[in-house]
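Q: Residue numbers (this note's numbering), protein chains in the order written: chain G, 761 to 873; chain B, -4 to 486; chain S, -15 to 318.
By construction, these hints were calculated from the structure, which means they are not laboratory data. Where hints are given, some of them may not hold.
Claimed, not checked - Partner residues aside, some chain G positions facing chain S, computed with beta carbon under 10 Å:
1) F763
2) Y778
3) V832
We put the CB at the ideal spot given by N, CA and C, even for glycine.
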Amino acid sequence: MDFFNYWVVIALMMTGLYIVMAQQNLVKKLLGLNIFQTAIFILYISVAKVLGGTAPIYTESATLYSNPLPHVLILTAIVVGIATMALALALVVRIHGAYGSIEDDEIRDRSKQ
Amino acid sequence: MISHLPILQVVLPLLAAPACLIFVRARSIWLFTCLACLLTFGISVALFLHVSDVGPLSYEVGGWPAPWGIEYTIDSLSSYVLLLVSAIAAVVILAANSSLGPELPERQQPAFYVLFLLCLTGLLGIVATGDVFNVFVFLEVSSLATYALIALGRQRQALWAAYQYLIVGTIGASFFLVGIGFLYALTGTLNMSDLSERLVEVEQQQLLAVAFGFVVVGIALKMALLPLHGWLPNAYAFAPSIATTFLAASATKVSLYLFIRLYYGVFGAETVDALLPVSIVFLLLGIIAVLAASLVAFRQSDVKRMLAFSSIAQIGYMAVGIGVGSTLGLQASLLHLFNHAFIKGALFLAVASVVYRTGSSQIDAFRGLGYRMPWTMAGLVLASLSLIGVPLTAGFVSKWFLVLAAIESGLWVVVLIVLVGSFISLFYLWKIVELAYSKSDSEASRNEAPPLMLIALWVLVIANIYFGIDTRLTVGASASAAATLIEGAPW
Amino acid sequence: MIVTQALDVVLLLLLVMTAVAIARVKDLFATVMLSGIYGLLSASFFVLMDAVDVAFTEASVGAGIFPLLMLAVLSFVGRYEADSKRRVALPVFLLTLVSGAVLLLATTQMPAFGGEDTPAQQHVAVRYIEDSPQEIGIPNMVTSVLASYRGFDTLGEVLVIFTATIGVVVVLLGVVQPGKARSLPADEDMADHKVLRIVGKMLIPLILLFALYVQFHGDYGPGGGFQAGVIFATGIILYAMLFGLSNAQRVLPMPLLRGLTALGVMIYGSVGVAGLLAGGNFLDYSVLASDPVSGQHLGILLIELGVGVTVASSMVLIFYAFSLTTSSDGSVER
Chain G
761 MDFFNYWVVI ALMMTGLYIV MAQQNLVKKL LGLNIFQTAI FILYISVAKV LGGTAPIYTE
821 SATLYSNPLP HVLILTAIVV GIATMALALA LVVRIHGAYG SIEDDEIRDR SKQ
Chain B
-4 MISHLPILQV VLPLLAAPAC LIFVRARSIW LFTCLACLLT FGISVALFLH VSDVGPLSYE
56 VGGWPAPWGI EYTIDSLSSY VLLLVSAIAA VVILAANSSL GPELPERQQP AFYVLFLLCL
116 TGLLGIVATG DVFNVFVFLE VSSLATYALI ALGRQRQALW AAYQYLIVGT IGASFFLVGI
176 GFLYALTGTL NMSDLSERLV EVEQQQLLAV AFGFVVVGIA LKMALLPLHG WLPNAYAFAP
236 SIATTFLAAS ATKVSLYLFI RLYYGVFGAE TVDALLPVSI VFLLLGIIAV LAASLVAFRQ
296 SDVKRMLAFS SIAQIGYMAV GIGVGSTLGL QASLLHLFNH AFIKGALFLA VASVVYRTGS
356 SQIDAFRGLG YRMPWTMAGL VLASLSLIGV PLTAGFVSKW FLVLAAIESG LWVVVLIVLV
416 GSFISLFYLW KIVELAYSKS DSEASRNEAP PLMLIALWVL VIANIYFGID TRLTVGASAS
476 AAATLIEGAP W
Chain S
-15 MIVTQALDVV LLLLLVMTAV AIARVKDLFA TVMLSGIYGL LSASFFVLMD AVDVAFTEAS
45 VGAGIFPLLM LAVLSFVGRY EADSKRRVAL PVFLLTLVSG AVLLLATTQM PAFGGEDTPA
105 QQHVAVRYIE DSPQEIGIPN MVTSVLASYR GFDTLGEVLV IFTATIGVVV VLLGVVQPGK
165 ARSLPADEDM ADHKVLRIVG KMLIPLILLF ALYVQFHGDY GPGGGFQAGV IFATGIILYA
225 MLFGLSNAQR VLPMPLLRGL TALGVMIYGS VGVAGLLAGG NFLDYSVLAS DPVSGQHLGI
285 LLIELGVGVT VASSMVLIFY AFSLTTSSDG SVER
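Can you build the whole structure from these sequences, using the hints too?
A: Structure representation (C-alpha cells):
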C-alpha cells in the first residue's frame, strides 16, 4: 500500500508513452501525451498527501495539513499542459488542411513529394 | 540598481512581448523589438562585467529568501551564456525585418516578433534561475514560442516539423518534470544550491539514479543529442530562415547549459557517474554524432538541412568535451558552445540572405552567387573556415582546447575524431563554396543582400575572427566557469 | 483512513482502465469522451488527496477545455482513425514494459505514501504551512505559495498561456492583428433550439457571477484567477454556441480580447515592477502598502486579476480561432 499510488503513476506513464510512440493518429498521440502528463500530476499530488491531514486551507480546528507546494507546482503544470495541447491541436487542424490526413505515416509519405 | 539587473534581464523582454501588441504596423513592432533586444543585451553586458569583477549575484524574487522563494543566481557560467544568448538575439533581430519580407505575409509578422521575444525570455529565464521548477516553466515558455515560430514557415512541412518537435519537446519537458518530482520527494526542495547540499544525504540510490536519468534524457531531447536529434533537421529546414538562425545559435546551447549546470553544479558529476554512466555515454554518443551527422550532412542537397545536421555534429563535439570528464574538457565544451553560436548564426544568416534573393535554400541556388552576392558569400566562406576550425577563427580555439583536453586525458581517439570531423565538414562546405564561385550560365548582375542583413552577418563573421584572435574573454570566462563548476566553489 | 485508502485504490484502478481503453478504442469521438472521464476521475482523486485547488483546475481543464478543444478538432479531421494499421508496435511495447519494470523497482525506495515525516513534508513546506497564515494573512496556503512565495512561477504560467494563445491564433488564422479578419457567416443554427437558448439565458449570468466569486474567494477557499478565468470564458463560449459567434463577437470583439490577453500579463508584470519602484525586490508585495500583510493582500488581489483577465480572454480567443478557421486552409498560401 505504501507504493501503490506510484505504481499506478508508472502504469499510466507507460500507457501514455506507448500511445504517443506507437499510434499513428496525431490526435491519438495527443491523448497519450495527456495521459502521460496526468500521471505526473498524480505523482506530485501523491507526494504531497499526509494521511490524516486536511486540505491546506488554514482552519482553527485542523493541525495536520497536506503539503501545499506540490499542489502549486501542479496547478502550473496543468496550465502549461493545456496550453501545449491547444497549440498542438491548432497544428493538427492545419496539418489536416495541408495534407488531407492526420495519420503519421501518410504525412511522412506526402512530405517527401 | 545593479542588484536588480538579474531579474530585469528576464523581465524586460517578458514585458516587451505583450507590449508589442500596442503597435499596429509590423515595422514599428520590429523597431520596438530591436530596442528591447538591445537593452537586454546591454543588461547582460553589465551583468557579465559585474560578475567577472565583483563575483556572483543572487536575487530573491518577491523578497522571499531561498529555498522558500525563487532565487536568481548569476555566476560566471550563467553570465557567460546570458551574454551569448542576448548578443545573438540583438544581432539576429536586426536582420529580421528584411529577411521576413518575402518569407512571411506582413499580417503575420507581428506574431513573429511577439513569439521571438517570448522565446528569448524563456531562454534567458532558464539560464538566470536558480530554481529547478522555474526552469521547467521558462523551458515551456521558450518551447511553445519555438513551436509556433517553426509553424510560421512557408511550406506545409513547417506544420509537420512543428508538430513533431512539439511532441518530442513536451516529452522532454515532462521527463524533466518527473525527474525533479522524484528529487523533490527525496530532498523536499527545489532550489538548486539547496538541492545540491541535500542530495549528499540521500540514501535511496536507485531512485536517485532514476531521477537523474529522467532529467538527463529530458534535457538530451531538447539538446538534440544523437540519437534523440530526430526533430531538429526538419525544424531548422522549414522554419522561417531568421527563426532558424536564432534557434540554431541559441536554443540547443541553452539546453546544453542546463545540462552542465545540473550535472556539474547541482548533482555533482561524480555522484551521477557513480549511478549512471553519463560521461561515458556522452563521450560515445558525441563521437558517433560527430562522425554520423557530418556524413549525413554531406549528402544533403538543401543547405539548411546540411547545416542542421552539421549542428547535430557540433553538439557531438560539446558532448565529447563533457565526456572527457576533466576541467579542460568542460572548458572546451563551454568554448564551443559560445563559438559555435557565432559560427552557425553567421552561416544560417548567409543562407537566409540567399533565400531572400533566390527564394531557395537548395544547393543549386548557390551557383554563381560568389559573383552576384560577393559580400554574403565572403561572409559564408569565413564562417565556414571557422566551422572547419582553421587557425585565427573562433572555431579553431574551441577545437584546439578539445584536442588539448583529449591529450591531457590520453584519449587519442578523440583527437582523431576531431580531425576526421573537421575534414568531413571541409568537404560538405566545399560543395557550397565551389558552386558559389563557379561561373553560372545566366549572366546575372550583382544583387547583394539588403544592408541590414549584411551588417548582421558581418557582425557575426567579425565576431568569429575576433574570438579567434583575442581569446581573453571566451577562454577566461569559460575557464573560471569550468573551475567553479568542477571544484564546486560556492555560488 | 480506511475509506480514503479504499477510494484511492478504486479511483486509481479506474484511471488505469480508462487509459487502457483510450489506447485500444479506434473511435476518436469515444476516446475523447473517455479522456473527459479520465480528467474527472483524476480530479476526484485530487480531492481525495486534499488537493482541492488542483482538483478544481483539473476538472475545468481535463474534463472541460481539453475535451471541448478535441471535439472542435474532430469536427475538422473526422471521427475515425485509419483502420489499415491495426497492429501492436512490439518494440515500443517491450521498451515501455522494461522501463516500467525498472521504474517499479526504483519506486520502492520512495518515502512511504502519506507519511508526515518524509523529506517533502519536512523541509521547505513547513514554513508555508506554519507561517503563511501570518506572513501573508490569508488562509488558503496554496494561494499564498502560488501568488507570493512562488509568484514568479505563476507569472511564467501566465506567459505560457499568452504564448500559446498567440501561437494558436497565428497558426489557425494567420494573424494576431485582427481588423482584417474575415467576415463571419451569420450562424442561425441554434435558432430553433428554444429550450437551450432560454436555459442558457438563465445560466450564463449565473456562470459569470460564479466566476467573479471564484476570482475573489481564492484567498479563502479553492479558486483564484485561473479557475475564474476558465469559468468566465465558459460562460462566453456557451453564449457563442447558443446565440452565434457573430453575436458573441459583438460583445467581445477579437481586437479587444487580444488587448486583454496582453493586458493581463502587463498587470502582473506591473505589480512586480511596482515592488521594485517601492524599494523592494521584483514581485515583493510587502512594500506595496504601509504594513506587509495588507501589501501582500493588495499584491495578490492584483496579480490574480491579471491571471483572470489573461486566462478568460485567452480561452475565448482560442475558441474563436478554432471556430473561425477553415479546415481547407484559406489563410496562407501553401
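Q: Now look at each hint and say whether the structure bears it out.
A: Now the hints, each set against the structure:
| no. | hint | result |
| --- | --- | --- |
| 1 | F763 | holds (6 Å) |
| 2 | Y778 | holds (5 Å) |
| 3 | V832 | holds (5 Å) |
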